[in-house]
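Participant: With the hints in hand, could you dock these two chains into one complex?
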Amino acid sequence: MYGNAETTEIKSVKDFIGFFLKELKPQGKNLFTPFNVITVPIILLGLVIIVIRFAKGLGAVTNLSQEFPWGLWIGFDVLIGIALAGGAYILCFMYYILGYEKYHPVVRVVVLNGFLAYSFYAGALILDLGRPWNAFNVLIGNKFGFSSVLFMVAWHFFLYTVSLLLEFSPAIAEWLGLKNAWKILNKMTLAAVVFGIMLSLGHQGGVGGLFLLAKAKLHPLWYSEFIPLLFVVSSVFGGLSMVIFEGSISSKVFRHRMSEEHHETHDRIVLALAKVCAGAMFVYTFLKIMELNHEGTWTFLATPMGYWYILEVVGCVVLPGMLFLAGARSKGMGLVKLAAFITIIGIVLNRINICLVAYNMDAAVRYVPTWMEVVVTLTVVFTELWVYRWIVNRMPVVSDSPEWAQHAH
Amino acid sequence: MDRRKFLKVLATGASGLAFGNALKPNELQASAPGKQSDKELLGVLVDTTRCIGCRSCEAACADINGLPEPNLDDEQIFEKRRTTSETQYTVVNRYLKEDETEIFVKTQCMHCNYPGCASACLVKAMHKLEEGPVNWETNCIGCRYCMVACPFDIPKFEYNTPTPKIQKCTFCWETRVSKGEKPACVEACPADVMFFGTRKEVIEEAKSRIYQAPDDFYHHIYGEQEVGGTSWVYIAAVPFEQLGFRTDLGTTPYPKLSKGFLTNIAVIDLLVPTLLLGISYAAKNKKNDK
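Chains as they are written, first to last, in our numbering: chain A, 1 to 409; chain B, 1001 to 1290.
For reference, chain B alone in the conformation it holds in the complex (with noise of 0.2 Å):
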């Protein structure tokens, strides 16, 4: 055994006493440790050049989750870019290409394959379903770290209650998904922006329809490797940076980003305190010695 093949060996090991099942190499997904799942993911696409920005997935996700309902006539809304919010999960944009043609975005959480809010929830309130959805759970203790690690800025605390909740879409998991019906967003499209699926025939149908129209769109489906892979994916006929997209996320799984750290700090944990002890005995044969 070499000197490296040693260390790995060590390493692993160390990390097998800590941390149990949940670091296991290639099973970076926060989900139940030592559950194998055969299902597939979940997945949506959103086809944005069939968006016409009329808003009713708004409508629809705030009436299945009981959110303020928003109003739809209002065409100001545009003018400022909006976020998604503790009461609004999904929120539609509206992009000005050059020629001042119109392109709306719709945006909601990603449900990434990978995601970081769930692997830096210290109590599992933030999980992943097998099946795709990113949903979170009462056990949370509010400290607020899945929103500074969701690299998409998604889950929102509510700030003004003295029983705060995260906030953000469900995919509509408990109340239409897990039923076998559409989330109540790509139900209520009268466009057909949304495609549901497995994440595999979202993405087989992504690439279909830019090989069908490849004049039409941008040759990106974003999503598809970003962060690891999302189970919401776009596709756009313009590059995705002018469509308040960030293009420079990489497609490094958040998960990976402190793994690296969390073996070390095993090996740390095992090899330290021994160190210390041998250090200690040393010096104190040193004063005898005088």
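Pulled out of the complex, with its shape left as it was, chain A reads as follows (with noise of 0.2 Å):
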């Protein structure tokens, strides 16, 4: 029933049209799972409030200000999302480039995950963008601005994006059964990992470095030169847990799909993830205190401020780094999870002080989002949801690739 790549032959656009139109339609028998009952009714409100964005402009449905021009929708999925989207350049680093063979069954399901994080992101920026219409300039060269750190990571964002969707195009060839496509878009991957890795460094850090120029607003404990390098370290961290949690949710909510490969592994892999963070985990800490001593911002730790930053840092990072190291040494599935949480609480905390609670403290009017500013998050957070749902029911991304591509990849 599920996943009848083996079975299709495309020879035609007319083909391909009538597949396509097949597969739309639900696969599910009972289309009011507390899933759909609970995404639905938030996305058709999203998708109104988004209407009314573009016809009345950002202020009608954001608290965003002249102290704060930066809100949830930049700090939710460009900051956060990019953050704990790092996996996949991390696992196709270890996979592709280390060679390390036992992570195979999580790499697609993971460069998934990454490329449908990326898309749903750029999109999200588009509505916080307040003249759309001129996105393209950025691309077209309607004036290229090299000295711009965000030049920089727009270009890298976009084509990470697009390698991220080269090194998942041989599942979609899979799923159409184009066997010659395949073994071209096959033969792309190595490169697209390379270069995706770069592009990853030069994004990730340079969300941070977007933050260089607001030394005037930022708090002395979270501006700091080395933020475009503790970006990138958190992203190692932030990503992988990031695998561990989605695989633990998507390991129960896709049993059906998975293949023996993919469940008997499953906790070996999440094992083995687990010391990778807590090594990333140690590196950033380690960061973090000579940052204290190099900007000399030592002071500004026994201050409300510092307390709060005291609680990222001790709380978010050094437990569980901890609790990382604990349950793969234990063998401890449960503490390994548990540390996941933590840490992903932790980038969250960190990206949040870093543009809203940090940021522009003598303001006179904190920033804080209005409800339909959180809706529309939760729209693109579940519409991506929903189309991850979409595509892990069709394509081989748990399950087993059709046999005739087995052999190599």
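Hints may contain errors.
Said to hold, decoys possible - List of simulated lysine-lysine pairs, DSBU-like, C-alpha gap at most 30 Å: (1) A:179 - A:11; (2) A:143 - B:1284; (3) A:143 - B:1165; (4) B:1284 - A:179.
As the list claims (entries may be wrong) - Part of the chain B face toward chain A, derived, beta carbon under 8 Å: (5) 1141; (6) 1257; (7) 1276.
Don't read these hints as lab results, they were simulated from the structure.
Even for Gly, the Cβ is constructed at its ideal location relative to N, Cα and C.
Facilitator: Listed below in structure tokens is the structure:
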């Protein structure tokens, strides 16, 4: 029933349209699952808010102000979303570059997650742009702002999304039964991975680098010359924690789709990732201490913002780092999942602190998102989950590839 | 060639390849690459000791820019400190000295020598003209990074329209200054608070005023060195932190804050793929040896 990739032969565009329309239909018998019942009304409401946003301007639905030009949409989609989607480039590095075969079962699903995250966050970014009809100016060169970190981020972000699509494309070819295309796409994977990692380092660091120019506005405990490096390192453990977290949910939700290989190796892979996380978190903590020393910001630790900072660094990096280590040694899956969860909270906290809490502290009115900004953010996330579910239920993502594509990938 | 020199050459070469002329050393100004300006930057001196708080400058600014007319008779507005907004490119605030005497300070875009906003802009919608004014163009995508990057919080965004613009003081470039006239606010001021000229003349004028009446001034020209210098500079009778100025901005030009990072990225983009291919090749060989 599911994933009829083996039986499909597509020879013309007409075949494809027919096949695609058939695949568009929902496969589940019961449409009123809890997930559907919760997400559909929110998505519809979100679409209404988006229409209002474009009809009346950003002020009609957001609490953005002259003091806080960037709010929840940038903070959540761009800063948090990109960090948590970092798992794709790390896993690709370990699997394709270092050649650790054991990660094979999860690479494809993580790449898909990365690709969808980037596509949807870029989409959400359009909502936040005041003049979105000009967005293509960045790419077509209606002035290239070479001196802008954001210019660099935009290009790296865009190209990385393309490279993720290339990395995932063999799965699409397998779904459509396009054997010749598959051969070509499969050969392009290594190149896409190599450039993908380069582009990831660039934009993960670049997103932090955006705040280098916010020197007058960011609290000294969070402002640092190291901020791009801190963003890269935190994307390693943030991204992998998200892989662990998603994996533990997917392994329940998509159990019926999972290949034997995927199922059996799940725990082993999670424990290996836990060790990588712990290592990256050690590096991060070390950098944080070095930064305190380098910028001489020790003195701020004994202030309310200092306690908040300590909560972020000790409570949400050092603590889960140790939990990861303990979990990996005792093979305690529960411990590792708990650590992954706290780590994700920590990433959220860190990015929100940088763009909202520790930002422009002198402002007369603090920014708090409106309920409409929250609904639109949820709409983006839920729509992404719908597309994700649609793809996983059809293409060989967590399931085995069709036999003709088994020998080499 | 020693190692340090080698790395330096490598870094400049890499950044040169990736960024063209934009990051040539000593060319921080976000003007068109390759254009060497022989023009003097324009500037304005604001002598706050002369300001009487009549707000004629606000009215003149609103008039020339087609903004809502301010009510000059309303003394109440001095009760609260105001910032510029999308409909007010300049505002006058009142500060009280310890002896209750009033000091009025006009605020508008400082037109930095090395503007953070322009270096932040990914489509050069915000840009510095070689004559000095920092202006905005309609190819802007509305990302509002200029607002984050401005140390003086000057660019303002129109939140309540589907076709928003970034609004701020234009130095009256198109309407007046490019035609050889003074900016509207300078022209309208009845108390001769502002002195308009090349930035060099403006600094000299500021120095000579402090020099000639050393007891009347706090000995600092705000904007001479701050964030690498600004086109608009201020002199005052009291320290500037008492007049709502930020005195913690330092003298580093803002574009410099991210320049090092941009160079690093260019190096990473060049070196990382090579490195990765090497590692991947080595890892494959290892597998084959087994």
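Participant: Look at each hint and say if it fits the structure.
Facilitator: Hint check:
1. A:179 - A:11: holds (11 Å)
2. A:143 - B:1284: violated (43 Å)
3. A:143 - B:1165: At roughly 18 Å apart (the allowed maximum being 30 Å), residue 1165 of chain B and residue 143 of chain A satisfy the hint.
4. B:1284 - A:179: holds (26 Å)
5. 1141: holds (4 Å)
6. 1257: With a closest approach of 5 Å, the residue 1257 of chain B hint holds.
7. 1276: This hint holds: residue 1276 of chain B lies near chain A, its Cβ roughly 5 Å from the closest one there, short of 8 Å.
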